[in-house]
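Peer 1: Chains as they are written, first to last, in this note's numbering: chain L, 62 to 359; chain B, 62 to 359.
A hint or two may mislead.
The list cannot tell twin chains apart, which means a pair is met if one copy fits it or any two copies do.
Unchecked claim - Below, in silico cross-link-like pairs of lysine-lysine (DSBU-like), each with a Cα-Cα straight-line distance of 35 Å or less:
#	residue 1	residue 2
1	Lys267	Lys216
2	Lys317	Lys110
3	Lys223	Lys317
4	Lys267	Lys317
5	Lys223	Lys267
Source of the hints: derived by calculation from the structure; they are not laboratory data.
Protein chains: 2
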Amino acid sequence: MNETIAFVGVGRMGANMARRLKDQNYRITAVYDVHAPSAQTLATELGAKACATLAEVTAAADIIFTVVTDDAAQRKVFAAVGDSLLLGAKGKTFINCATISPEVHVEIEAAATRVGAFSLEACMASSITQARNGTLFLMCGGQRSVFDRLQPLLKLLSDDGKLLRYIGAAGTAAQVKALVNMVMNINTAGLAEGLGLATALGLDAKVVMEIFSQTGANSRVIVTDGDDMINREHSCFFSAAHASKDSGIALALAQKQGLNLPLATATKAQFDCMVATGLGELDKSGIAELTFPGRGPK
Amino acid sequence: MNETIAFVGVGRMGANMARRLKDQNYRITAVYDVHAPSAQTLATELGAKACATLAEVTAAADIIFTVVTDDAAQRKVFAAVGDSLLLGAKGKTFINCATISPEVHVEIEAAATRVGAFSLEACMASSITQARNGTLFLMCGGQRSVFDRLQPLLKLLSDDGKLLRYIGAAGTAAQVKALVNMVMNINTAGLAEGLGLATALGLDAKVVMEIFSQTGANSRVIVTDGDDMINREHSCFFSAAHASKDSGIALALAQKQGLNLPLATATKAQFDCMVATGLGELDKSGIAELTFPGRGPK
């Protein structure tokens with residue numbers, strides 16, 4: 062645990078990953094967030110420095126995790142001009158965990174290489190509880206040698222490595238992540254239709270859901286979203302707006318490949334409808350507001 | 062095991078249910094199929110009579126299972142005029158296992174009641190192996206008293222009753238079955254899109270499938286259809302034409318309720334496309350022929 066660690070982006074995911082590594086005897090030396098009070102609070106909790114600039118973050122640690130919101134935020138923290146993680150970054154290692162477009166991971170790796178730094182993408186297919194417990198499903202892309210060197214650290218976040226996968230070159234993990242979320246979103250939208258129609262027919266949606274779980278209709282989203290759809294409990298773990306974004310990344314990849322994906326297209330349209338009608342900040346389970354009788358916007 | 066049993070419709074499902082009940086010491090006294098040689102072969106195997114008319118079937122057994130293909134076939138075996146299972150049916154019990162429209166179950170129950178017979182719908186959400194092993198997921202609709210009387214028999218087909226459910230009045234089990242298949246078909250179509258795009262991107266579809274199974278993208282159809290999609294192994298267990306029919310039943314129910322279900326609609330369009338392009342008799346996993354690069358009709 063000789064390496065020092067910093068975190069850029071300390072929302073629910075980043076903060077819990079930092080807490081996990083602190084528990085595992087890593088020194089968290091610096092944290093940064095565009096929302097400064099979040100960084101300050103976590104810094105106090107972990108005995109780290111809340112940095113005012115990105116260059117300070119790079120100076121303060123050997124390994125810098127970035128857990129930001131989107132392509133624009135990822136590009137901003139690695140900006141070529143002005144304050145940037147790339148300033149003084151020679152020999153430093155970046156681990157980029159945001160769900161962003163594959164090509165941005167390629168860009169960041171190239172930019173890091175130019176200044177003598179290392180970059181690994183580590184896409185997460187899990188949620189907040191798993192971040193805190195160190196049981197994230199982590200899909201990694203980048204140079205194999207960088208991945209191998211970071212394995213001891215990454216294992217502490219991925220159930221001793223049982224949930225750690227090396228996919229391939231930079232960007233490939235983001236591709237797989239986009240595929241995971243595309244399929245998850247389709248299953249979510251489909252479940253909302255099944256439970257919505259069950260309710261419209263006067264059937265007991267809970268009984269129908271139990272039957273789904275015992276049959277060919279079974280899926281992970283029944284466990285994560287089924288009760289929430291029935292109970293209209295849409296506190297946000299993974300927002301409809303995020304679901305729309307991720308399905309959009311997958312559809313852009315499909316379009317480049319000349320593939321027609323009607324289910325993914327219909328799913329994105331549903332999440333776009335949520336965003337357009339003011340439901341975008343509900344959890345993705347809120348898609349049930351579009352399919353249950355007597356609910357949601359017209 | 063005092064009651065005698067007959068089967069009408071001895072395709073792969075019906076024949077295996079008959080074998081299972083024979084193993085459990087029921088006497089199978091009569092079988093019937095529109096394809097007479099199928100009935101003759103099974104009759105010889107089980108020591109039953111291959112009947113030439115439906116009225117003979119009813120005369121030969123106390124309990125008659127019907128496992129036919131669709132609404133038209135179900136109505137035909139219960140015809141009001143001509144040869145029919147309803148002839149001499151007073152006191153007999155019909156157990157109707159076909160995947161048909163809910164309203165047909167209501168019609169059949171009314172017709173059976175008029176001649177002093179009993180009727181139960183027993184929709185199956187499993188496949189051929191489960192029929193043979195007596196581990197069918199059985200969803201039942203009809204009078205509760207009829208269901209209760211038949212429970213000892215039905216338990217032998219449903220893992221000692223662990224997979225046996227009473228849903229409600231006649232037609233409600235068919236509604237749930239339509240919902241199960243609608244959601245299963247959506248998940249299948251979505252999986253085909255995910256694996257197709259993975260392949261187009263040059264990723265290893267088997268690795269991606271394993272990651273789906275570990276994440277929010279997990280679903281039962283990964284187990285039943287994933288490898289077949291990758292390997293183009295589309296020997297028919299559940300045909301695309303059947304999938305289209307079942308999604309159509311669900312969409313008709315949704316339309317009556319004024320519900321808009323875009324995922325189910327997109328899924329039916331995909332299976333309809335298979336039928337229209339000569340792929341309708343492939344297994345439903347054949348939907349991957351529409352989504353993998355370089356495959357299928359244009």
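Peer 1: Report the numbers of all earlier hints that the structure fails to satisfy, in ascending order.
Peer 2: Number 2 only.
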